[in-house]
Amino acid sequence: MEILSFVYFGGAILLSALMVVIFKNPLYSAMSLLSMFAHVAGLYIILEAEFLAGVQLLVYAGAILVLYIFVVMLLNVQAQGRVLQKQAPVVFVAAVVAALEVAFLISRTHFYPEIPPVPHPGVPPLGNTEMIGMVLYTKYLFPFEIASLVLLVALVGAIVMAKGKLKFR
Amino acid sequence: MVPLSWYVGLSSALFLIGLIGVLVRRNTLVVLLCIEIMLNAVNVNFVAFSKYQHVIDAQILVFFVITVAAAEVAIGLGIIISLFRLKGSVNIDDFNILKL
Numbered sequence: 000m001e002i003l004s005f006v007y008f009g010g011a012i013l014l015s016a017l018m019v020v021i022f023k024n025p026l027y028s029a030m031s032l033l034s035m036f037a038h039v040a041g042l043y044i045i046l047e048a049e050f051l052a053g054v055q056l057l058v059y060a061g062a063i064l065v066l067y068i069f070v071v072m073l074l075n076v077q078a079q080g081r082v083l084q085k086q087a088p089v090v091f092v093a094a095v096v097a098a099l100e101v102a103f104l105i106s107r108t109h110f111y112p113e114i115p116p117v118p119h120p121g122v123p124p125l126g127n128t129e130m131i132g133m134v135l136y137t138k139y140l141f142p143f144e145i146a147s148l149v150l151l152v153a154l155v156g157a158i159v160m161a162k163g164k165l166k167f168r
Numbered sequence: 000m001v002p003l004s005w006y007v008g009l010s011s012a013l014f015l016i017g018l019i020g021v022l023v024r025r026n027t028l029v030v031l032l033c034i035e036i037m038l039n040a041v042n043v044n045f046v047a048f049s050k051y052q053h054v055i056d057a058q059i060l061v062f063f064v065i066t067v068a069a070a071e072v073a074i075g076l077g078i079i080i081s082l083f084r085l086k087g088s089v090n091i092d093d094f095n096i097l098k099l
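Same order as they appear, the protein sequences are chains A and B.
Position 119 of the first sequence, counting from 1, maps to 118 under numbering that gives the first Met the number 0, and the rest follow consecutively.
Position 7 of the second sequence, counting from 1, maps to 6 under numbering that gives the first Met the number 0, and the rest follow consecutively.
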């Protein structure tokens with residue numbers, strides 16, 4: 000059952016990622032990226048990371064992609080000229096070489112078998128979201144605050160970039 | 000039980016697809032989408048290792064990667080809008096104005 004769902008989600012992820020690269024129209028690319036995000040969220044659910052599946056759907060599919068589609072429709076660029084860059088044939092050859100290398104490395108790597116979880120005596124088992132909350136607000140509190148700073152800088156930067164009235168010269 | 004190597008294979012294939020897209024496509028908007036594919040490939044790897052090693056910290060790291068991806072998309076789209084205003088095009092080979 001788990002293998003079946005892994006094959007379904009993995010196949011759908013790879014297929015829609017390929018579609019992102021193949022489609023000529025950026026709007027179609029964005030739509031197949033939406034399908035990829037949804038299937039990655041499904042993969043997270045198989046991997047028992049329910050909180051991240053929710054965050055994936057909310058942030059990626061809900062926020063990032065909508066912002067993206069807004070910009071694509073705002074610019075309304077018609078595809079003109081060729082789709083690929085000049086160096087595309089070289090890239091394809093290099094990609095085949097890299098894929099063979101990665102396949103070789105994975106086939107030769109010895110992966111550990113899954114370790115069974117060690118229950119602590121006296122500590123009640125927590126769900127995924129509770130565990131993430133416990134660790135995020137204790138051990139990773141400082142990076143969490145820094146992340147808010149990064150988001151603030153990105154907010155200001157995006158407004159400055161897109162406003163356009165400012166002279167950069 | 001799905002072996003861990005399948006997840007590693009899936010995520011490296013996904014990363015390769017994203018990398019090919021970044022290097023090959025001429026439309027800057029699609030290049031930005033392909034960067035998202037690469038970030039997602041890394042996230043899948045993190046979550047798979049987190050499940051198989053029972054380490055929750057990897058999922059925190061994925062959380063931060065998603066934060067950075069959101070910031071990156073906002074800034075990237077701002078840059079693309081501003082460049083489109085400057086050049087009237089979103090093709091990446093029109094943007095060689097820093098080249099000597």
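None of these hints come from the bench; they were simulated from the model.
A few of these clues could be false.
Cβ-to-Cβ under 8 Å is the rule here; a few derived chain A residues that face chain B [stated by the list, open to error]:
hint: 1; residue: 63
hint: 2; residue: 87
hint: 3; residue: 96
hint: 4; residue: 130
hint: 5; residue: 132
Cut-off 16 Å, straight-line C-alpha distance, at most; resulting in silico cross-link-like pairs (EDC-like, lysine to aspartate or glutamate) [to be verified]:
hint: 6; chain 1: A; residue 1: 85; chain 2: B; residue 2: 92
hint: 7; chain 1: A; residue 1: 85; chain 2: B; residue 2: 93
hint: 8; chain 1: A; residue 1: 138; chain 2: B; residue 2: 93
Computed Cβ-Cβ distance ranges for the label pairs, DEER-style [to be verified]:
hint: 9; chain 1: B; residue 1: 85; chain 2: A; residue 2: 110; range: 44 to 52 Å
hint: 10; chain 1: B; residue 1: 99; chain 2: A; residue 2: 23; range: 15 to 23 Å
hint: 11; chain 1: A; residue 1: 137; chain 2: B; residue 2: 87; range: 48 to 56 Å
hint: 12; chain 1: B; residue 1: 8; chain 2: A; residue 2: 57; range: 27 to 35 Å
hint: 13; chain 1: B; residue 1: 8; chain 2: A; residue 2: 147; range: 46 to 54 Å
hint: 14; chain 1: A; residue 1: 93; chain 2: B; residue 2: 92; range: 50 to 58 Å
hint: 15; chain 1: B; residue 1: 87; chain 2: A; residue 2: 105; range: 19 to 27 Å
hint: 16; chain 1: A; residue 1: 104; chain 2: B; residue 2: 87; range: 25 to 33 Å
hint: 17; chain 1: B; residue 1: 96; chain 2: A; residue 2: 47; range: 27 to 35 Å
hint: 18; chain 1: B; residue 1: 92; chain 2: A; residue 2: 1; range: 42 to 50 Å
hint: 19; chain 1: B; residue 1: 92; chain 2: A; residue 2: 142; range: 33 to 41 Å
hint: 20; chain 1: B; residue 1: 96; chain 2: A; residue 2: 114; range: 48 to 56 Å
Ideal Cβ placement from N, Cα and C applies to all residues, glycine included.
Structure-based check of each hint:
no.: 1; hint: 63; result: holds (5 Å)
no.: 2; hint: 87; result: holds (5 Å)
no.: 3; hint: 96; result: violated (11 Å)
no.: 4; hint: 130; result: holds (5 Å)
no.: 5; hint: 132; result: violated (10 Å)
no.: 6; hint: A:85 / B:92; result: holds (9 Å)
no.: 7; hint: A:85 / B:93; result: holds (13 Å)
no.: 8; hint: A:138 / B:93; result: violated (46 Å)
no.: 9; hint: B:85 / A:110: 44 to 52 Å; result: holds (49 Å)
no.: 10; hint: B:99 / A:23: 15 to 23 Å; result: violated (33 Å)
no.: 11; hint: A:137 / B:87: 48 to 56 Å; result: holds (51 Å)
no.: 12; hint: B:8 / A:57: 27 to 35 Å; result: holds (28 Å)
no.: 13; hint: B:8 / A:147: 46 to 54 Å; result: violated (36 Å)
no.: 14; hint: A:93 / B:92: 50 to 58 Å; result: violated (19 Å)
no.: 15; hint: B:87 / A:105: 19 to 27 Å; result: violated (45 Å)
no.: 16; hint: A:104 / B:87: 25 to 33 Å; result: violated (45 Å)
no.: 17; hint: B:96 / A:47: 27 to 35 Å; result: violated (49 Å)
no.: 18; hint: B:92 / A:1: 42 to 50 Å; result: holds (45 Å)
no.: 19; hint: B:92 / A:142: 33 to 41 Å; result: holds (38 Å)
no.: 20; hint: B:96 / A:114: 48 to 56 Å; result: holds (53 Å)
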